[in-house]
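Here is how the chains run, residue by residue.
There are 2 protein chains.
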Amino acid sequence: MQAWADQARAGAKRIGFVPTMGYLHEGHLSLVRVAKARSDVVVASIFVNPLQFSPTEDLARYPRDFDRDRAMLVQEGVDVIFYPEAAEMYPADFTTSVQVSKLTDTLCGRSRPGHFQGVTTVVAKLFTCVKPHLAVFGSKDAQQALVIKRMARDLNFDIEIVIAPTVREPDGLAMSSRNSFLKPLERQQAATLFRALRHAEELIALGERLPQKVINAISDMIVRETSGAIDYVALVDVNTLQDVKEIRGQILIALAVFFGKTRLIDNILVQAP
Amino acid sequence: MQAWADQARAGAKRIGFVPTMGYLHEGHLSLVRVAKARSDVVVASIFVNPLQFSPTEDLARYPRDFDRDRAMLVQEGVDVIFYPEAAEMYPADFTTSVQVSKLTDTLCGRSRPGHFQGVTTVVAKLFTCVKPHLAVFGSKDAQQALVIKRMARDLNFDIEIVIAPTVREPDGLAMSSRNSFLKPLERQQAATLFRALRHAEELIALGERLPQKVINAISDMIVRETSGAIDYVALVDVNTLQDVKEIRGQILIALAVFFGKTRLIDNILVQAP
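These protein sequences, in sequence, are chains A and B. Anchor point for the first sequence: position 41 equals 43 in our numbering, and the numbering is continuous, going up by one each time. Anchor point for the second sequence: position 48 equals 50 in our numbering, and the numbering is continuous, going up by one each time.
For the record, the hints were derived by calculation from the structure and aren't laboratory data. Don't take every hint at face value.
Said to hold, decoys possible - According to the in silico footprint, chain A covers these stretches of chain B (three or more CB under 8 angstroms from chain A): (1) 9-18; (2) 93-100; (3) 103-110; (4) 158-166.
All residues carry an ideal CB built from backbone N, CA and C; glycine is no exception.
All chains, please: the whole structure from these sequences, using the hints.
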């Protein structure tokens, strides 16, 4: 991978990079298109990173279909698929970690201890393997995007981090590989997540300034319309990810909800009037 | 720095790198010569890294003399001196760390909690800033060399890590910027450290197999001949840095001794017969 990257760079090619855990959907492909539009050559990686799953999480059952993924990436005109083995990425005496503090204490970081350390460690490794000029991440994983931006800046990675918009199903559900786990009724109910976020946006547009009121409105809607178990609903500062005390300026509204064992996340960025 | 590195790489120049904390001595210059012999262009950095000093350590009084350092590096034919400001390396919202576990629990890591996390974090940053093909470290800091090698391998840095031999004063004292702190009598006594290591080597050559016997011999000599306070004397496995139970094969003998507030370290690699 590094030899290929060196050669591309020697030929003055701009390398775009889309890291994925595979089981691709339209959301991933939209990231590939963003990368293609802004680079000369595009690398996509497929690696289900064991470090970012806790022992109680869904590593073993995480969906995988390399042949399908490869066909989709070839179709999109990706130049290289980087597809390392876990044993190659993490040899037996692997003992290094990359960690971003503070930004990882809230939201998904609170619910999934160690998750973001696994993410930043593997992304740092993927960056040094692929040597891209630009890397594209999805804004469905808003906290991940912010954490990776911070990591890249703090460690002086000479890589432009691009955050691309969330791609949604026709009913508004954010695309996710984990959607494939949903039973038909859960899948139907899951559309409520985005509708609840849109409802919150309306409340704010209408002048609501109290975060707790908005959180309650979102939570009520999810409880009323779905069988999901709320992990968190939060209104946070878009730079620090700390809970806001008053709704002003740009606010990130983020939520995580379990449908059975399947944990879905979504978020929107709103601008208070 | 990155723009310069990109240009050097575009011109197919091999970049050698010697990171330092300045206040250079012959030991640093020997690293520069190793880098020069194996590269087309050489970068030396001078950065007294606050992250690797604990609040009780000697950051404020660490010796600095940029003009002298610059003259010495120019004399050696270094191409670039990278000399960043602390505020530039660590902006106010800097929250990322790079950490190597296990290897950092022993020896200097036990005495200086957080030290190696500071080292690996800054070295990762220097690597992404300078983009070298090869980086040279001194073997006086044996644990640091091993920790950096591990970090570079684990994070897939495409950089050859070269460990160069310790340069010594005529009486055997390992060169160190901190030697400048020693009072004349301490300076004279400090030569005992290397003599004690050589004595240990002789004992092993003569067939000693019990680590504690060798540790005692080193410690006795230091106590008898100096006013220094021993931090540690250890015989460790050269790959894991764990204490050895029996002297066999390659062994690292390492020590740290305080002369007043000044902490000196030294080590030798011995091959048991």
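The hints, checked one at a time:
| no. | hint | verdict |
| --- | --- | --- |
| 1 | 9-18 | holds (count 3) |
| 2 | 93-100 | holds (count 6) |
| 3 | 103-110 | holds (count 3) |
| 4 | 158-166 | holds (count 3) |
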